[in-house]
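Make one complex out of these two single chains by using the hints.
So you can see what is in the structure, the chains are spelled out below.
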Amino acid sequence: MSTLIAPKLVSSRDQARELTAGLTDDLSDAVVMVDCSALQASTPSFVDELVKAVLVERGAERLIIKGAPERTVELARRAAQNRGVAARLEIG
Amino acid sequence: MPTFRPTTLHATHLDDVLSLDVHRGVAVIDLVQVSFVDAYALTGLACFIASAAGNGIPVQLLLPNDADVRSWLSRMHLRDVLDAFDVRVEGVLPRVAERDRTDTLIELERFNDSHGSDRLASFIWERLKGGVDGEVVNQLFEATGELGQNVVEHAGSPVGGFIAAQRYKAGAPEERIVVAVGDVGVGIRESLRVRYGDMTDAESIRRAIQWHVSRVPDEGRGQGLPGVVDGVRGLGGTVWIRSGAACRTVTRGQARTSEVSRLQGTIVGARLPCRPGR
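In order, the protein sequence lines correspond to chains W and H. Sequential numbering of the first sequence, starting at 1, is according to my numbering. Sequential numbering of the second sequence, starting at 1, is according to my numbering.
Calculated directly from the structure, the hints in this document are not laboratory data. Any given hint could turn out to be false.
[Unchecked claim] Residues from chain H that face chain W, not an exhaustive set, calculated with beta carbons under 10 Å:
1) Asp118
2) Phe141
3) Glu142
Cβ coordinates follow ideal geometry from the N, Cα and C atoms, glycine included.
Only chain H is shown next, with the shape it has when bound in the complex (with noise of 0.2 Å):
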């Protein structure tokens, strides 16, 4: 049976580039057949590396035919990811000449500490403010400082977070946002356990977008997540909260979790309308 190859990358179709060749025992990802990557899934593929890596597989990338994805990925400066993890690229990686696209690009950055958390919640702002809905702004700042606070606080991520967000459509109607950020980590399960005992990744999930919900055993805590679900859900978007094999998918009207390939960590991404309700 033929393997379906994406050709657009998103939250939904990231397992279906990843793969673990086990006769070679090298990780593997095929992006030869992708004409468009979102900054959820380079956050995605950027967390796969780091944990093929962490577990000492070596990672192959296989880069798109399309030379505007190729651009776009170098870019986004996955480069940086590629050499910090050793990965083997199969291709060529173009520099680019890095116009300033200050204005739609948070390019993929790793963060370690509650101060990078915080300059890229800054990064959000400054970078968006003005182009954006103002109460969109908001929401984005919260929910990157939120996240990212969850990543340093909670995950036990070995090589911290990754961050990547992009504006797409710019001045159309359907103008959106995506911003991800992901950790390798214990996982939503894993850092719930202690408190709330054995579940599904999928309960775990469920439960940790619920209020007051936290590892922490304080009133205050529980916010973070929650609130960025119910802030980018009443400004009609969608946020996709990813832990280890399962994916939770939540908009305004719905809300659905669905298996996924194990990956180490958590990655949550969110799209908000640029201007919603025009």
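Just chain W, same shape as in the assembly (with noise of 0.2 Å):
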């Protein structure tokens, strides 16, 4: 499992393209977790950038959003249902 770690404020689809850059392109039987325990705030953009590059663009078997302020939380199921892969997010 890859373990990324959101800062604790994250507004532009930069920042989630920087976040995920280091993840390799096929992700197809791996499960990515995004840390949020010191994240605070994030926008709709940030967090649709997050679930495309993982979800979407490298295929990933499931995405865990773990510690989320609770609108994040939302954001990302909103993100995931826009994008038809709301079966593949988890909210840990």
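Below is the structure:
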């Protein structure tokens, strides 16, 4: 399992791309966990780009969002729903 | 007929102080009678200056008679924009001692990329958290981040974007905050035209605040501006979206579009109560 650490505040799509830049291109058998315990606020665009980068572009088996604020969880569910990958999103 | 000169300058009166002197070929900002300028109007002035300068039109600024307003303009760092775009100033913009007002002001700032936009969104969060309702701070963070991202990604603004914010009536029941982000790019109509065809500025704004409408054909796009509008309206605030020759004002109870003087680019502003529901 790959673990990414989300910083305290995240807003742009570029930040999501930077956060996921170290992941391999094919994650089809892999689980990615984003540790959001330090995260305090996020934008819809950041969260959408994170979901896109991990579940859509790299095809991860699962994306686990751990310890995120309620609003970020809501945004993650919405992004995964929009992109048709809700079944592979897990809230931890 | 005498020209109307507003004494308070905010989103709906911005045009009244802007003009083009065709005989001299000069863009004029006349603040002489103004006794109040809000953060939206300040951002609009910066966009007007950048737009005129970018089109090779010299800009002349007539400063307010009111010394407090001159000091406020200075404190909000308007001088940086005046210097950057070589504006001719009539009157003296004073140097002011900058006592710490980080909990109430985000001075006029320019940003050119997503790092700049990220930094300013974080500024908003850090400066307001604790002093303002948590939901409002969160909404302002999201709004600043999304609007800044729109400038960087979609506006094609040659000078980047501008942002300013101010918290008013601190401690009073009517305490509120105004934040604005502006650019001198292609505007919403042109941004959407390639994908959605020709439309008026008013139509383009109405379309841009609908979910999943975006210049970029990607199913996750088109959440920024509608999210800002829904979020601010849900907290009892007001949003102004001005692009081209139209301005749409959205509140919880109503939305209306008005014709305005054509300005290059887009200015989006929000006014939020700091403690909604109290």
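Here is how each hint holds up against the structure:
no.	hint	in the structure
1	Asp118	holds (5 Å)
2	Phe141	holds (5 Å)
3	Glu142	holds (5 Å)
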